[in-house]
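All letters in the sequence shown, in the order written, are residues 1 to 365 by full-length UniProt numbering.
Just so you know, not all the hints are guaranteed correct.
List of simulated lysine-lysine pairs, DSS-like, C-alpha gap at most 27 Å [said to hold, decoys possible]:
no., residue 1, residue 2
1, K204, K216
2, K247, K213
3, K216, K247
4, K343, K247
5, K173, K213
6, K89, K204
7, K173, K216
8, K89, K124
9, K89, K39
10, K247, K124
11, K204, K247
12, K204, K124
13, K124, K173
14, K204, K173
Keep in mind that the hints were calculated from the coordinates and are not lab data.
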Amino acid sequence: MPVTAPTAPLTTATASPAGHAYNDPTRQNWAFGHRAIPKLIGEVQSSDEALQLQALHSLTCRLHEPVDVQEALVAGAVPAISLSLSHAKPLVRARAVEIVVLLTEHEQGRAAVLGHSHVETLIKLIADPEEAVRGLALQALWNVSQRTEQVQQIYTTLPHIIDHLLRAVTAEKSRSYQLLARVLETLHHFLQHGGAPVVAHTLKLGALTTLTKLLKSHVGGQAVRAAAAEDLAAICIHVTTLPDVAKQAHDAGLVPVLVETMDDPFGAVRAAAVQAAMALSIHVVSKQQLVAEGVAEKLVRMVGEDQDEELLMNALTAIASISEDYTARYAFQDVIGLIEQLKAHPNRAVAKAAASAVQVVQWRP
C-alpha cells in the first residue's frame with residue numbers, strides 16, 4: 001500500500017491579522033485586484049480608527065510607482081486624507097503626511113496637492129509637537145516648491161508661509177539640526193523662485209539678522225551652515241534693488257561673518273559663503289567692506305589650493321567683482337599666473353570666470 005504524505009490541516013476562515021492579505025501590501029493586489037488602492041482610500045475615511053490607520057499604512061507601502069500614484073489620484077487620495085492630516089493622534093497625522101510626501105514626488109501629485117487646501121495644513125504642521133510629523137511636512141513643502149510657478153502659486157495665496165518658515169528656523173535650532181537644514185533648504189526655494197517680493201518679506205521679519213547669527217554660531221554641521229549661507233546669498237543678490245539688504249547686512253555684521261566662513265573645513269560651506277560675498281560685492285560700500293575685512297587673502301588662497309569646481313567658479317567670479325575696487329586689484333596680482341592657467345580649465349564655466357577675472361584684475365585706467 002503506497003505511503004501518502006500527511007495532508008496539511010485545513011486553515012480556518014478567520015486568519016490572524018498578521019497573516020491576512022490586508023496587512024501585507026505585497027499581497028493586496030492578489031487579494032483585492034484592481035480595487036486595492038481604491039479600497040484603501042475608501043477605508044482611510046472610515047470612522048474605525050484602527051482600520052483608518054491600517055489603510056494609511058498600507059498606502060504608504062503602495063505609493064512608490066507612478067502607475068500607483070496615478071491610480072490613487074484618480075481614486076481621490078488627495079481629498080480623502082484631509083481629516084487624517086489634522087487627526088488628534090500623531091501616528092495618524094504622520095502616516096497622512098507621508099502619503100502627501102509620496103504623492104508630491106511625482107509631477108501630477110504635486111499639481112493635485114497644490115490644487116487642494118493641503119498646503120495650508122502642511123504649513124501648520126511644521127510646528128507640530130511631533131518631530132516625525134514636522135519632518136514629513138517640511139519634506140512635502142520642499143517637494144511642492146521646486147519651481148518658480150509653484151512658489152508663486154503658494155506665496156500668492158499663502159504668504160504667511162515665510163513667517164512660519166522663519167519661526168521654524170529659530171525653533172529647530174534647539175530641537176533638530178536635520179530638520180533645521182530642511183527648513184533652510186525649503187526657505188531657499190522661496191527666496192530663489194519668489195524673487196524680490198519674498199526677499200522683501202523676509203527682510204521685514206529680520207531674516208538677514210537671523211541667518212547671520214545662525215552662520216556665526218557654528219551650529220548644525222555642514223548641511224545647516226551651507227544652507228544658511230545659500231539663503232544669505234539668495235537675499236544678497238537683491239542688494240542693488242532692495243536698499244534694506246545692504247543696511248541689514250551692515251547692521252547684522254554679515255561681511256566679517258562671511259569672510260570668516262571662507263575658512264570653514266567643508267568645501268560646500270566655503271562655496272556658499274563666497275557666493276553670498278560675491279552677491280553682496282555688487283554694492284559699492286559692501287565691496288569696500290569686504291576688502292577691508294581681508295576677503296582678497298581668502299580668495300587668493302582658494303584659487304591656489306581648492307580643486308572644487310563650484311568653489312573655484314565662485315571665487316573667480318568674486319575676484320572679478322571685487323577687483324572693480326582699485327585697491328583690491330593689487331591684492332590679486334600675485335595670483336594672476338594661477339588665474340591665467342585656469343582659463344584652460346576643462347570646465348567651461350570655470351574657464352570663463354577665470355578669463356573675466358584676469359581682464360578685470362589687469363585693467364588700468
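Okay, the hints, checked on the actual structure:
1. K204 with K216: Holds, at roughly 21 Å.
2. K247 with K213: holds (16 Å)
3. K216 with K247: holds (18 Å)
4. K343 with K247: Answer violated: K343 to K247 is near 36 Å, above 27 Å.
5. K173 with K213: holds (11 Å)
6. K89 with K204: violated (36 Å)
7. K173 with K216: OK: K173 and K216 at ~13 Å, within 27 Å.
8. K89 with K124: Within the cut-off at roughly 15 Å; holds.
9. K89 with K39: With a Cα-Cα distance of about 23 Å, the restraint between K89 and K39 holds, given a limit of 27 Å.
10. K247 with K124: violated (32 Å)
11. K204 with K247: Measuring from Cα to Cα gives roughly 12 Å; hence the hint holds.
12. K204 with K124: holds (21 Å)
13. K124 with K173: holds (18 Å)
14. K204 with K173: Status holds; Cα separation ~21 Å.
Comparing the model with each earlier hint shows violations of hints 4, 6 and 10; every other hint is respected.
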